[in-house]
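Each step along the sequence shown adds one to the number in the numbering used here, with nothing skipped, and position 1 is 1.
Incorrect hints may have been included.
Below, simulated DSBU-like cross-link-like pairs (lysine-lysine); rule was C-alpha separation at most 30 angstroms, straight line [stated by the list, open to error]:
1. K86 <-> K48
2. K6 <-> K67
3. K6 <-> K25
4. K26 <-> K53
5. K52 <-> K31
6. K44 <-> K6
7. K67 <-> K26
8. K26 <-> K66
9. K33 <-> K52
10. K67 <-> K52
11. K31 <-> K86
12. K113 <-> K31
13. K113 <-> K53
14. K86 <-> K66
15. K86 <-> K33
16. K44 <-> K25
17. K133 <-> K52
18. K66 <-> K31
19. K33 <-> K67
20. K60 <-> K6
21. K31 <-> K67
22. K25 <-> K48
23. K113 <-> K86
24. K44 <-> K31
25. K48 <-> K33
26. K44 <-> K113
27. K60 <-> K26
28. K33 <-> K66
29. K33 <-> K6
30. K66 <-> K25
31. K66 <-> K53
32. K86 <-> K52
33. K25 <-> K53
Don't read these hints as lab results, they were simulated from the structure.
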Amino acid sequence: MNIFIKCPHCGEELQVVSAVGLEQKKVSCPKCKQPCTIGECIPKFCLKVGGKKYQLHFGKQWVGRKKEGNNAEVQIPDEQRYMSRKHALIELRCTANGVECTFEEHGTNPTLKDGIELIEDDIIFLFINDCLKLGETRMYLAGEFE
1 MNIFIKCPHC GEELQVVSAV GLEQKKVSCP KCKQPCTIGE CIPKFCLKVG GKKYQLHFGK
61 QWVGRKKEGN NAEVQIPDEQ RYMSRKHALI ELRCTANGVE CTFEEHGTNP TLKDGIELIE
121 DDIIFLFIND CLKLGETRMY LAGEFE
(Lines of atoms letter the chains of each structure in order from A; the text may use other names.)
(Lines give C-alpha, C1' and ligand atoms only; values in the text may rest on other atoms or scores of the structure.)
Protein backbone atom coordinates (compact mmCIF):
# COMPACT_ATOMS: atom_id res chain seq x y z
CA MET A 1 0.00 0.00 0.00
CA ASN A 2 1.27 3.49 -0.81
CA ILE A 3 1.35 6.38 1.65
CA PHE A 4 1.37 9.97 0.45
CA ILE A 5 3.89 12.15 2.24
CA LYS A 6 4.80 15.83 2.06
CA CYS A 7 8.31 17.27 2.38
CA PRO A 8 8.41 19.48 5.51
CA HIS A 9 10.92 21.80 3.78
CA CYS A 10 9.45 22.50 0.31
CA GLY A 11 5.97 20.91 0.42
CA GLU A 12 6.62 18.47 -2.46
CA GLU A 13 4.13 15.55 -2.29
CA LEU A 14 5.55 12.06 -2.80
CA GLN A 15 4.40 8.44 -2.64
CA VAL A 16 6.22 5.76 -0.63
CA VAL A 17 5.41 2.09 -0.14
CA SER A 18 4.31 1.46 3.44
CA ALA A 19 6.33 -0.97 5.55
CA VAL A 20 6.87 -1.79 9.21
CA GLY A 21 9.06 0.88 10.81
CA LEU A 22 8.83 3.17 7.79
CA GLU A 23 8.41 6.23 10.02
CA GLN A 24 12.07 5.86 11.16
CA LYS A 25 13.56 5.72 7.65
CA LYS A 26 15.64 8.72 6.54
CA VAL A 27 15.14 10.12 3.03
CA SER A 28 16.14 13.14 0.97
CA CYS A 29 13.51 15.06 -0.96
CA PRO A 30 14.08 14.67 -4.72
CA LYS A 31 13.06 18.32 -5.28
CA CYS A 32 14.88 20.30 -2.53
CA LYS A 33 17.38 17.57 -1.51
CA GLN A 34 16.79 18.26 2.22
CA PRO A 35 17.03 15.22 4.55
CA CYS A 36 14.19 14.17 6.87
CA THR A 37 12.61 11.06 8.36
CA ILE A 38 9.45 9.64 6.77
CA GLY A 39 7.69 10.14 10.13
CA GLU A 40 8.14 13.91 9.73
CA CYS A 41 6.47 13.77 6.31
CA ILE A 42 3.47 11.50 6.99
CA PRO A 43 0.11 13.28 7.44
CA LYS A 44 -0.37 14.31 11.07
CA PHE A 45 -2.94 12.63 13.27
CA CYS A 46 -4.69 14.35 16.12
CA LEU A 47 -7.61 14.07 18.48
CA LYS A 48 -10.15 16.85 17.94
CA VAL A 49 -12.05 17.97 21.03
CA GLY A 50 -14.42 20.81 20.25
CA GLY A 51 -12.32 23.31 18.31
CA LYS A 52 -9.01 22.18 19.81
CA LYS A 53 -6.59 19.64 18.30
CA TYR A 54 -4.25 17.41 20.31
CA GLN A 55 -1.36 16.18 18.16
CA LEU A 56 -0.53 12.45 18.17
CA HIS A 57 2.96 11.13 17.38
CA PHE A 58 4.30 7.77 16.23
CA GLY A 59 4.69 5.21 18.98
CA LYS A 60 2.68 4.87 22.20
CA GLN A 61 1.19 7.79 24.11
CA TRP A 62 -1.16 8.08 27.06
CA VAL A 63 -4.34 10.15 26.71
CA GLY A 64 -5.95 11.44 29.89
CA ARG A 65 -7.38 14.25 31.96
CA LYS A 66 -5.29 17.38 32.30
CA LYS A 67 -4.01 17.67 35.86
CA GLU A 68 -0.86 19.05 37.44
CA GLY A 69 1.65 16.23 37.92
CA ASN A 70 0.00 14.01 35.28
CA ASN A 71 2.58 12.59 32.88
CA ALA A 72 0.16 11.57 30.09
CA GLU A 73 1.49 12.83 26.75
CA VAL A 74 -1.96 14.03 25.59
CA GLN A 75 -3.77 15.91 28.38
CA ILE A 76 -7.34 17.05 27.76
CA PRO A 77 -9.21 19.40 30.14
CA ASP A 78 -12.14 17.70 31.90
CA GLU A 79 -13.80 19.88 34.56
CA GLN A 80 -16.18 17.09 35.67
CA ARG A 81 -13.25 14.63 36.11
CA TYR A 82 -15.00 11.76 34.29
CA MET A 83 -11.82 11.06 32.34
CA SER A 84 -8.98 9.24 34.12
CA ARG A 85 -5.54 10.89 34.26
CA LYS A 86 -4.28 7.96 32.16
CA HIS A 87 -7.47 6.88 30.43
CA ALA A 88 -6.19 5.21 27.28
CA LEU A 89 -3.05 4.23 25.42
CA ILE A 90 -2.96 5.17 21.73
CA GLU A 91 -0.30 3.82 19.37
CA LEU A 92 0.47 5.04 15.84
CA ARG A 93 2.70 2.85 13.67
CA CYS A 94 3.49 2.11 10.04
CA THR A 95 2.67 -1.36 8.73
CA ALA A 96 2.60 -2.99 5.31
CA ASN A 97 -1.08 -1.89 5.13
CA GLY A 98 -0.41 1.78 5.85
CA VAL A 99 -0.53 3.80 9.07
CA GLU A 100 -2.40 2.02 11.88
CA CYS A 101 -3.81 3.61 15.00
CA THR A 102 -4.73 1.38 17.94
CA PHE A 103 -6.52 2.34 21.16
CA GLU A 104 -6.23 0.42 24.42
CA GLU A 105 -8.84 1.16 27.13
CA HIS A 106 -7.64 1.69 30.72
CA GLY A 107 -10.08 4.25 32.16
CA THR A 108 -12.18 3.94 35.30
CA ASN A 109 -15.24 5.51 33.67
CA PRO A 110 -16.73 4.25 30.39
CA THR A 111 -15.14 4.79 27.01
CA LEU A 112 -17.28 4.55 23.89
CA LYS A 113 -16.22 4.23 20.25
CA ASP A 114 -19.00 5.28 17.91
CA GLY A 115 -21.49 4.61 20.73
CA ILE A 116 -20.20 1.12 21.66
CA GLU A 117 -18.71 0.73 25.14
CA LEU A 118 -15.19 -0.64 25.41
CA ILE A 119 -14.05 -2.76 28.33
CA GLU A 120 -10.72 -2.70 30.20
CA ASP A 121 -7.80 -3.83 28.01
CA ASP A 122 -9.85 -3.77 24.76
CA ILE A 123 -7.59 -2.97 21.82
CA ILE A 124 -9.30 -1.52 18.75
CA PHE A 125 -8.21 0.04 15.46
CA LEU A 126 -9.10 3.68 14.91
CA PHE A 127 -9.87 5.31 11.58
CA ILE A 128 -10.21 8.95 10.56
CA ASN A 129 -13.47 10.47 11.90
CA ASP A 130 -14.02 7.71 14.48
CA CYS A 131 -15.78 9.19 17.51
CA LEU A 132 -14.44 8.40 20.98
CA LYS A 133 -16.06 9.39 24.24
CA LEU A 134 -13.69 9.23 27.23
CA GLY A 135 -15.81 9.78 30.32
CA GLU A 136 -18.05 12.64 29.17
CA THR A 137 -15.57 14.12 26.67
CA ARG A 138 -16.28 13.50 22.97
CA MET A 139 -13.37 13.53 20.50
CA TYR A 140 -12.65 12.52 16.91
CA LEU A 141 -9.56 11.08 15.24
CA ALA A 142 -8.43 13.46 12.51
CA GLY A 143 -5.61 13.32 10.01
CA GLU A 144 -4.25 16.10 7.84
CA PHE A 145 -1.16 17.81 6.55
CA GLU A 146 -0.22 20.61 8.92
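* Tell me, which hint numbers fail for this structure? -> 2, 5, 7, 8, 9, 11, 12, 15, 18, 19, 21, 25, 28 and 30
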